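Make the full structure from the sequences, and use the hints.
Each chain, written out:
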Amino acid sequence: MVSANEEVPTGESPTIVELSSDEVLRERNAAVLEAGAGRKADHLLEVRGLSTHFFTPDGVVQAVDDVDFEVGYGETLGLVGESGCGKSVTALSIARLVADPPGKIVSGSIQFDGIDVLKLSDVDMRKLRGKEIGFIFQDPLTSLNPTLTIGYQIGESIREHLGLSAKAARDRIIELLAKVGIPRPADRLNDYPHQFSGGMRQRVMIAIALSCDPKLILADEPTTALDVTIQAQILELIQRLSSEFQTAVLLITHDLGIAAGMCDRVNVMYAGRIVETGTVDTLFEDPRMPYAWGLLDSLPRIDDVRGDRLRTIEGLPPLLINVPDACRFNPRCSYARDRCRESEPQLTEREPGHSARCWATEPGGWIE
Amino acid sequence: MATNTTVVPGQIAKPKASVGPWREAAGRLFRNKLAIVGLFLVSGLLFAGIFGPFLAPWPYQVQDLQAVFANGGRPLPPFSPDHLLGTDQLGRDLLSRMLDGARISVTVAFVVQMVIIFIGVPLGALAGWYAGLMDSTIMRFTDVIYAFPDLLFIILLSVAFRETPFGQALDGLFLVFVAIGLVGWVTVARLTRGQILSLKETEFVEAARAIGVSDRNIVLKHLLPNGISPIIVAVTLGIPVAILAEATLAYIGVGVQPPRASWGSLIAEGQKSLRSDPHLVTFPAIAIALALIGFTFLGDGLRDALDPKLKGKQ
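These protein sequences, in sequence, are chains A and B. Be aware that the first sequence starts at 10, since it is given in my numbering, and climbs by one per residue. Be aware that the second sequence starts at 15, since it is given in my numbering, and climbs by one per residue.
These are calculated hints, taken from the structure and not from any lab test. These figures come from a predicted structure and were not determined experimentally. From the three backbone atoms N, C-alpha and C, an ideal C-beta is built for every residue, glycine too. It is possible that part of the hints are untrue.
Claimed, not checked - These stretches of chain B come out as covered by chain A in the derived footprint (C-beta under 8 Å, 3 or more residues):
hint, segment
1, 214–228
2, 232–243
To be verified - Now the in silico label distances, taken between C-beta atoms and shown as ranges:
hint, chain 1, residue 1, chain 2, residue 2, range
3, A, I124, B, A145, 27 to 37 Å
4, B, L234, A, I124, 26 to 36 Å
5, A, D131, B, A161, 33 to 43 Å
6, B, G208, A, L325, 28 to 38 Å
7, B, I300, A, D109, 53 to 63 Å
8, A, D109, B, G208, 21 to 31 Å
9, B, L234, A, P111, 22 to 32 Å
10, A, V115, B, A145, 21 to 31 Å
11, B, G208, A, L173, 30 to 40 Å
Below, the structure is given as C-alpha cells:
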C-alpha cells in the first residue's frame, strides 16, 4: 500500500460527478501534506484482519470478515458496495459502536493514530468518540433528538470533551453553524430539529461531527436521505471542511459517483470482504474484479438510449452464515469457473496501490 | 405553524422566537376547557392547602362549647353566625377542620407522588437501560409488589408501625406517605422502563453514543425528556388515587391521628349523625369529589396536550 503522503490526489479524477473545483483540490493537497506533519503512526487508521460477527439464533453472521485497510492522515477513503456488504458494520466497529449482543468484534486490530482501539477501556473509548472520531449518520431526521435544541446537541460533545465555559462553547457553536452554512446562526441556536429542513439538519449533524476538531470522520451514507441537489451541497461541504480542518474521512456510500468525486482511494466491499482496493484513478479506470465492473456498469449514463432497461447485477449478496471457502461473488458472476467455487482468491496486488480479489483477473487467469 | 407567527395586516408575518415543546404543550393545555376546569379546581385546592390555616376562622382543634350548649348540645347547622359550615358535636368549626384536611390532602397528593417518582423512575430507567439480569431482577420485584393487594398492604403497614416513633411522625402522616408510595411506584417504574426500552433503540441515541456522551447523560438528557410525557400524566392521574387512598385510610381510622382532621375521618365521624346532621358528611364528601375531579381533568388535559396523537384514547 502507498502511504497518504505519496498519494496526494491529482485533481483529475475520472469523475462521474464533478464536485471538486481546482481550488478546493489545491487546498486539499496542502491540507493532506500538513495533516501528515504531526502524525504518530504511518497511517491515521490501520485496520488489520477485522472480523465482526453477529451471533443470531440462525447462526453466526460474518458481517465483516478479515478486513484490512488503512486511512492516511487527511485522506478521504471510500467504502462502496451494495446494502448488506458490511460497510456500516466496519464503520461501527472502528468506533466500537456495534450493538453487543448480538454483535461482537471477534478478531483483528484497529490502530487509530497509534492507539489500539480494541484494547481501550470503555471510558477511554468514550473520550475518543466525538473528540477524535466524528460520526455523520445516514438519516439526519432521526439522528437528532427532537426534544433538545440544536445548540444543546452541538454543544454536547464540546462540553463532554473540551470542557469549555458556557460562553466559549456558545461562541464555538455559532462559529460551527456558520461554517456549515446555516444562516443567522446566533438566532437558530435555540431552535429544535423540527424547525430545520432535511439538508439543514444534515448540516447540523456535520457541525456536531466537526465540533471537537476530530482527526477522522466516519460518514455513513451521509446523503442517502437527501435529494440530489442537496446531496451535492452536503458533499461539497464535507469536502471543503475536511480539508479546512485537515480531517480524514471514511466515506461509506453505495453511489460510485459520489466515491469518484470525493475520495482519494476506494475500497469495494462485497459480502463482508474487501474485494478491490485502489486509488480512484486506477480503480475506476481499470477495475480488476467482475463485481466492480458490474457496479460501474449498472450506473445510469446520460448517453443511454431512452427506453433501455437499466443494467443490474442479477441476484442478491449471499447470506453470511456458514460461508464456504469459495469466491463469495461466484453465484452472480458470469465469468465464474470451477476454481471460483473451490477456493477463495486472495487480495493480490495488480499494480502499485491497486489490489483485487479475483482468480479470473490474476496473472494466468482467464480474463486479461 | 400558525401559532408561531404574528400576523399584521399588510405586512409579511415574521417568525417569532422559537417555542420549545413545553411551551407548545402549555398552549394546547390552556385551549382545553375541561383542563381549565381541572386547573381551576386544583388551584383552589392548592390555595386552601397552603393558606387554609391562615384563612380559617378558628383553629381546627378548638371547641366552641358555648355555641353547642346554646344549640341544645347539638352540632351547629351550616350558615350559623361565626361558623359558616356549622360545627361538629364537639363544637369544632367544620370549615376550619376541612381547611386543615385540605392541607393534609395536598401534602399527601404531592409527597406521595414524590416518593413514587423517586422510587419508580430510577428503577424503571435502570431496568430499561441495562436490560438483562438487572432488568429481570427489578421487574420481578415490581411484579411482586404489583400482585400484593394495595389497600391491605397499606393497612398492614399502618397498623404494624402505628405505635412506633416512625408511625407517630407528622401526626401519622409520614406513615401514610410511605405506605401509599411503596405500593404506588410500580406503575411509574413499568412506564419508565417501557419508554427507555423503546427510546434507546432510536438513532439519536446511537448518535449521542458516537460523540461520546456518557450513559448517565444519555439516560438523563436524551431518554427521559423524550419519554417524560406519559410519566407526567401517570403521576398527575396518580394524585387522586393517593388522595382517595388517604381518605379511605382515615375513614377506617388508620391514617392521620386525631385531633388532625382528614376529609376521610371527617366523613367517618359525621356519618354517626348522618340523619340529624347531614352537613358533617356532605361538605367533606363534596371536597373530596371536587379534588378528585380536578386532578383527573387536569391529568386528561395534560395527556392530550403532551401527546396530541393519543387524544381521546384511554
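Going through the hints against the structure:
1. 214–228: holds (count 12)
2. 232–243: Since three or more residues must qualify, the claim that chain A covers the segment 232–243 of chain B holds, with 4 doing so at under 8 Å.
3. I124(A) <-> A145(B): 27 to 37 Å: holds (30 Å)
4. L234(B) <-> I124(A): 26 to 36 Å: Between L234(B) and I124(A), where Cβ atoms are some 29 Å apart, the hint holds.
5. D131(A) <-> A161(B): 33 to 43 Å: holds (37 Å)
6. G208(B) <-> L325(A): 28 to 38 Å: Check passed, 36 Å falls within 28 to 38 Å.
7. I300(B) <-> D109(A): 53 to 63 Å: Since the Cβ atoms of I300(B) and D109(A) sit about 59 Å apart, the hinted range of 53 to 63 Å holds.
8. D109(A) <-> G208(B): 21 to 31 Å: holds (23 Å)
9. L234(B) <-> P111(A): 22 to 32 Å: Once the Cβ atoms are compared, 27 Å apart, the range 22 to 32 Å for P111(A) and L234(B) holds.
10. V115(A) <-> A145(B): 21 to 31 Å: Check passed, 22 Å falls within 21 to 31 Å.
11. G208(B) <-> L173(A): 30 to 40 Å: holds (37 Å)
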